[in-house]
Each structure stands twice: as C-alpha cells, then as structure tokens.
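Protein chains: 2
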Amino acid sequence: METYPIAIGGITRHVPLIEPLPGRRIPLVEFLGDPELTRAAALALKPLVPSDTEILFTTETSPIPLTHVLAEALGLPYVVARRRRRPYMEDPIIQEVQTLTLGVGEVLWLDRRFAEKLLNQKVTLVSDVVASGETMKAMERMVVRAGGHVVGRIAAFRQGNPSLEVATVAELPVL
Amino acid sequence: METYPIAIGGITRHVPLIEPLPGRRIPLVEFLGDPELTRAAALALKPLVPSDTEILFTTETSPIPLTHVLAEALGLPYVVARRRRRPYMEDPIIQEVQTLTLGVGEVLWLDRRFAEKLLNQKVTLVSDVVASGETMKAMERMVVRAGGHVVGRIAAFRQGNPSLEVATVAELPVL
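Protein chains in written order, with the numbering used here: chain A, 1 to 175; chain B, 1001 to 1175.
Rather than coming from a laboratory, the hints here were simulated on the basis of the structure. None of the hints are false.
Have a look at the derived ranges for each label pair, beta carbon to beta carbon:
| no. | chain 1 | residue 1 | chain 2 | residue 2 | range |
| --- | --- | --- | --- | --- | --- |
| 1 | B | ALA1167 | A | HIS14 | 30 to 38 Å |
| 2 | A | MET1 | B | ALA1073 | 25 to 33 Å |
| 3 | A | LEU43 | B | PRO1047 | 21 to 29 Å |
| 4 | B | LEU1175 | A | VAL107 | 28 to 36 Å |
| 5 | B | GLU1036 | A | HIS149 | 20 to 28 Å |
| 6 | B | ALA1073 | A | PRO50 | 25 to 33 Å |
| 7 | B | GLU1090 | A | PRO173 | 15 to 23 Å |
| 8 | A | GLU90 | B | ALA1073 | 31 to 39 Å |
| 9 | B | VAL1107 | A | GLY10 | 33 to 41 Å |
| 10 | B | SER1051 | A | ALA73 | 27 to 35 Å |
| 11 | A | VAL174 | B | GLY1023 | 52 to 60 Å |
Just a sample of chain B residues kept apart from chain A, beta carbon distances all over 10 Å, derived:
| no. | residue |
| --- | --- |
| 12 | ARG1024 |
| 13 | GLU1096 |
| 14 | LYS1122 |
| 15 | SER1163 |
Only some residues are given here: those of chain A computed to face chain B with a beta carbon under 7 Å:
| no. | residue |
| --- | --- |
| 16 | PRO77 |
| 17 | VAL79 |
| 18 | VAL80 |
Quick caveat, the model's predicted, so the values are computed rather than measured. Cβ atoms here follow ideal geometry from the backbone N, Cα and C, with glycine treated the same way.
Please build the complete structure, drawing on both the sequences and the hints.
Written out as structure tokens, the structure is:
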C-alpha cells in the first residue's frame, strides 16, 4: 500500500493514499487509535482557538478524539453533531451537507439536548481535515439555528481551498 | 425532562431517562462532550485492564473518547470498529450484532489496515455500557477473525445481565 508522510506538532505518520475520486489521491489522516498524534495536533491547535470561546462543536466520527483532547486542555465542554439519527433524539436539528471526500450528500443530526448547550454561547468549530469547507458551513448553520455564535473555525489539516476561512496547522496535498 | 443520577470515579451526572422499548426506561450515559466524566471513568477502568494487554478495541461512537483517554493513560494504541462502511475500506471484516438498546440489527466494519493491528496481539475490549453483551460478543468474534486474542473485557457501566463476563465499574438500573 502506498503511503505519504504527514506531520503535525512534531509528529510524523506515514498514512495511506486513498482515491476518493478517480485521478484524485489524498493522504488519509487518522486520529482514531493514535493518542500521540492526537495530542500533538490538539496542542498545536490550542493557540488557534479564540480566547472568548465557550464551547467547541465538531462532527462524528474522526474528529472526536482530537476535539476531546483539545476541549480538556482548554477546560471547555464540546458538542458532537451525529451523522445518523439516534433513537433517543428528540426534536433534533437536521442539516444537510455535501462532502467532497465521500462524494455523496450527508446529513448531520443534533439532538435538542445538545443544541441547547450552544444557545447564546461563543462557539469554535473543530475539524480534523477541512477540504471544500462544506461540512464546516453546515456546522455553522447548525450553530446559528441553535442560537449560538461562531467565533472561530479551526482544523488540524487543510486540503485544497476551503470556501470559508479556517485556521489550520498543516497542509495536505491533493496528489 | 426526567433525569437520573449516575456516578463513576467520584463524578455524578444527572442524565436523561430514555425508553428504548415500551415500559423499559434506562439512563442515557453520554461521555461525548464531557471531558471530566470521561477522565474519571477512564481512570476508574484502568485497574481493570489486564496487564498483558497490547491494544484496546472499541466501537463507534460513544465509547471513543473513553477508550482514547484510557489508551493514552496506559500508553497503548487502540482500534475502532465502525458502524458504517467507509469508502476507503479495503477487504473489511464485517460482523453482525444485535443490540438491545437500538432494537435493530447492526453491523460492525473493520478496515483491513486496522484488523492487521490486532494480529497476534493481546486485546482488551472496551465499552461505555454493557447491557445484553451482544456488541461485545461481536467485537470478540472480530478480534478472533483478525487473528488476535481477547485477554480482557471491560465497560464503565453494566446494565442488566450481560451474557458474557465483563469487568465493570458501576451499575445502571433498568427502571
């Protein structure tokens, strides 16, 4: 399997190259299962979080450990938008998103209990990799619909040219 | 919304009661978004991990932060079985599971890259809540199919009577 070296916070990993669209190869960053890489990335992201942030907001699944470690380092709570409806959800906020990586439309779900945690809060959006920026746009719409205010957008890696401003630590190539 | 107090590692949370089946109410434990509760539970779980464990194995989504913090505290890697097929998966291990909480059959997916990390390894299975034990049985079958050896099964909370032996820290009622 062909790999590509990625580096963040002084840690390097040789990750697989995947081909989400024909002729378009990208390195597959994986924080899940890798506490050392996750902590290095979280500490590198920490200075990019606006100091007035009151809560972090991320999506299922791969950015969860990164956001968790970052939240704990900042002493902040966080909220996770799910990618499937869960049976216990009541009156969820439902938001469509188009993601380049998957090539298909996705839907984000946020239970009302968690949406309430964003109300009147200053929110920083967190992702592992920002590419088109469509997922982050959907997250921003969810925060607004929940009555919160987005004060920051951060991602560990930038890949290509996102359609909105996102503070990132490192760049991934599109090969 | 009716709540119920749960406690682990000296931390108490008042969590919602949900009714997954008519007449059967259970407290909904949520580690996602709660670094303090997650760390308390991870530290309480740490002594239950067999000392010869080489890698942890868990499932998407709610046990991920708990497993991540536990893995980092132990200096071990971990692997996450996914609940949806991801586009980049090659030759995944696919395992059916019946879960009581959801009332429907589920499927766990493990990409071959991650299955290889379990080969010839001593594996401890990690969950947030064990109820029927069906998810853990499916995880155990996946480890065996990946060529690993299960040396421990742990969960933060036990709910009811699991059909296999699992070391747990605290008990949740079925109301």
